[in-house]
Amino acid sequence: MSGRDAILNKVRAAIGTGSDDTARARAVKKRLAKPPVGVIPARGQLPDKERAALFCEMAAKVSATVDRVKKPGDVPKAVAAYLRSKNLPASVRMGADERLEAMPWKSLKSLEVKHGPASADDEVGVSHAIAGVAETGTVVLHSGAANPSTVNFLPEHHIVVVNSKEIAGDLETVFARIRQTFGKGKMPRTVNLITGPSRSGDIEQKLLLGAHGPRALHLIVVDSG
Amino acid sequence: MQITSPAFKENARQALSDAQLQKALGHVRSGFIDKRQYAVDALPEFDALRDSARAIKDHTLAHLDLYLEAYEEKVKKAGGYVHWAETAADARNVILEICRSAGARTVTKGKSMITEEIGLNEFLEKEGVRPVETDLGEYIIQLRGEHPSHIIAPAVHLTKEQVEADFRRAHDHLPVARDLSEPEALLGEARRVLRYQYFQADVGITGANFLVAETGSSIIVTNEGNGDLTQILPRVHVVVASIEKIVPTLEDVSQILRVLARSATGQDMSVYTTVSTGPRRPGDPDGPEEYHVVLLDNGRSSMLGTEFQEMLRCIRCGACMNHCPVYHAVGGHAYGWVYPGPMGAVLTPSLVGVEKAGHLPNASTFCGRCESVCPMRIPLPKMMRHWREREFSRGLNPATQRYGLRAWAMVAKRPKLYRFATSVGIPLLSFFKGRKGSFHYLPLAGGWTRHREMPAPEGRTFMQQWHDRAARKQGART
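Chains as they are written, first to last, in my numbering: chain A, 1 to 225; chain B, 1 to 478.
Chain A on its own, in the form it takes in the complex (with noise of 0.2 Å):
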């Protein structure tokens, strides 16, 4: 007998499932068909515009820094500020999102652009987030040619543009949005969910910015567009 036959019988001995099991399999089919939803807490119910404040205010008390610019055009500028004011090299690594190929590097000179996947001397990575978590202050990103996983993780600092109108109240939202986006019970092959920059408390519980991924975190919100 299989390791996969031997678990499943005894998984149904112990449960103890008759010989009749229409029952219980008619329940998981329509629980995976139809997901319930549980328990939203109200602060992921709240109409748009407080909703994008909840945001940012949950972005910063995880210590992510944020930024709030009016359409996509001004992000490039946004940018470059970013790494005046932390004093890094005027250069940063992106995918090839749509929406970000479409803004206007090319109008800041100095700054270098590299494309495609991170490498281990990428200092700063620029993604684009398919969503926001208002209760939570999370970004949500997907793997891909547009934003590879990598650029979330190798860069010490990670800019994250999200569009304000794609800031959910709960994560129950997002999820809803991307079965929608690829299909029922597919998957992209990486979802990140991310909430602040890369931490540890290990040693002596004490807690750490800037453990194995990003030390810092930025998040441009895109009032329009």
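You may find that some hints are simply not true.
Stated by the list, open to error - Computed cross-link-like contacts, DSS-like style, restricted to lysine-lysine with a CA-CA straight-line distance of at most 27 Å:
#1 A/K206 - B/K35
#2 A/K86 - A/K71
#3 A/K30 - B/K76
#4 A/K34 - B/K76
#5 B/K77 - A/K30
To be verified - With beta-carbon atoms standing in for the labels, derived distance ranges:
#6 B/Y196 - A/K109: 29 to 39 Å
#7 A/D48 - B/K382: 44 to 54 Å
#8 B/A165 - A/S119: 27 to 37 Å
#9 A/M1 - B/V176: 54 to 64 Å
#10 B/E125 - A/K70: 49 to 59 Å
#11 B/G447 - A/A33: 55 to 65 Å
#12 A/S119 - B/F366: 48 to 58 Å
#13 A/G73 - B/E125: 53 to 63 Å
#14 B/A19 - A/A60: 35 to 45 Å
#15 A/V37 - B/D202: 40 to 50 Å
#16 A/S119 - B/A42: 38 to 48 Å
#17 B/A42 - A/R99: 30 to 40 Å
#18 B/A185 - A/S91: 20 to 30 Å
#19 A/A33 - B/A165: 52 to 62 Å
Because the hints were derived from the structure by calculation, they are not lab data. For each residue, glycine too, the CB sits at the ideal point set by N, CA and C.
Following the hints, position chain B against chain A.
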């Protein structure tokens, strides 16, 4: 790993007299409790979410076979492989086979208690594959040849001075004069040293906080980012997870996530919650080319349908040990295996046998703090009591204890005898008490009086006082 749970009493004695350990354990007492409380107070729906989370897991366990099948199908559809492992040995062999066929010499590892449970590191090393732990705490204890003393803070038993000494010993290629006096410097050094390892590794091994039946995804919840580098840089990603990690849908995951981080570290959400499904897709510029899931039973299925089934709701947040006075006093290593604290006191006898781990469910005052903070509402004290019952019915506890309990039962079941004994015993004890009102020594109670004083009874027995009270009430009424 070797199980030292049978020596719990000796382990505990040593832990209590270990000054370094006691200093380090102070951080558990002061840190975790306040942070959790603060996060819980800030979310009015917290208790409703606990109920929701419990219901989700109960539903899942009642349909576990069906969700496992649904999950497997989705993993395969996404291009991944599922390997079913009945025992720890089966899991180790499957993982080694994957490493061999990938030609792996180095594997990086994200933090995973399940790989501790199956003793993966020792095994891989013996077979010529070098495992590198990348979580800071796990890295530190790997350098020391130790095991985690806490399920989410593996190096919580150490002070920064001990970590500094380990780094100086292990990183002897770095300048001796460097300053490592602060945790920041230690973290920075670990980051630089490990960065190189991620790129060296051929296989990355992680655990999973959840396996999602709806999508065939595995989810890890972390703060450092090491788990992500472990799974996106090497060519092969192996997930090791036990069968009760299954949840039906992404909505269900969302519910449990809201109680997980708050209970563990007092965060609203951990920094990285990563949902991984299959290998990299056509056109993806990064991510693993192979994705394997090793689904481990190792004793879980024998807990299903028993009085220990509810333990399978556990999401490994560590809140029970963070709030446990016994854990605070002796730390995690005293428990003698992978899982310490109240959850370990229930789980360890289930997985390694009560004959080896019988001391653990006895190391509890049943104060109930563990159950009161458990996000999954697992009745931990009740289950420890079940283990004590099993231990007794199998005759595993010492003869003195058994005869003592028998004698007690004999008296306690006979009300007249009981009342007579207490009405004689109590005045006798209060007659012999010292001026302090307590005893340094009592015959047959050395286990208590060796470590603390036994308070002497005051005045009359409970039953006598009860009768007096009833009589007074009667008098007041008439």
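Checked hints:
no.	hint	verdict
1	A/K206 - B/K35	holds (12 Å)
2	A/K86 - A/K71	holds (23 Å)
3	A/K30 - B/K76	holds (21 Å)
4	A/K34 - B/K76	holds (22 Å)
5	B/K77 - A/K30	holds (20 Å)
6	B/Y196 - A/K109: 29 to 39 Å	holds (35 Å)
7	A/D48 - B/K382: 44 to 54 Å	holds (47 Å)
8	B/A165 - A/S119: 27 to 37 Å	holds (34 Å)
9	A/M1 - B/V176: 54 to 64 Å	holds (59 Å)
10	B/E125 - A/K70: 49 to 59 Å	holds (57 Å)
11	B/G447 - A/A33: 55 to 65 Å	holds (58 Å)
12	A/S119 - B/F366: 48 to 58 Å	holds (55 Å)
13	A/G73 - B/E125: 53 to 63 Å	holds (55 Å)
14	B/A19 - A/A60: 35 to 45 Å	holds (41 Å)
15	A/V37 - B/D202: 40 to 50 Å	holds (42 Å)
16	A/S119 - B/A42: 38 to 48 Å	holds (40 Å)
17	B/A42 - A/R99: 30 to 40 Å	holds (34 Å)
18	B/A185 - A/S91: 20 to 30 Å	holds (27 Å)
19	A/A33 - B/A165: 52 to 62 Å	holds (57 Å)
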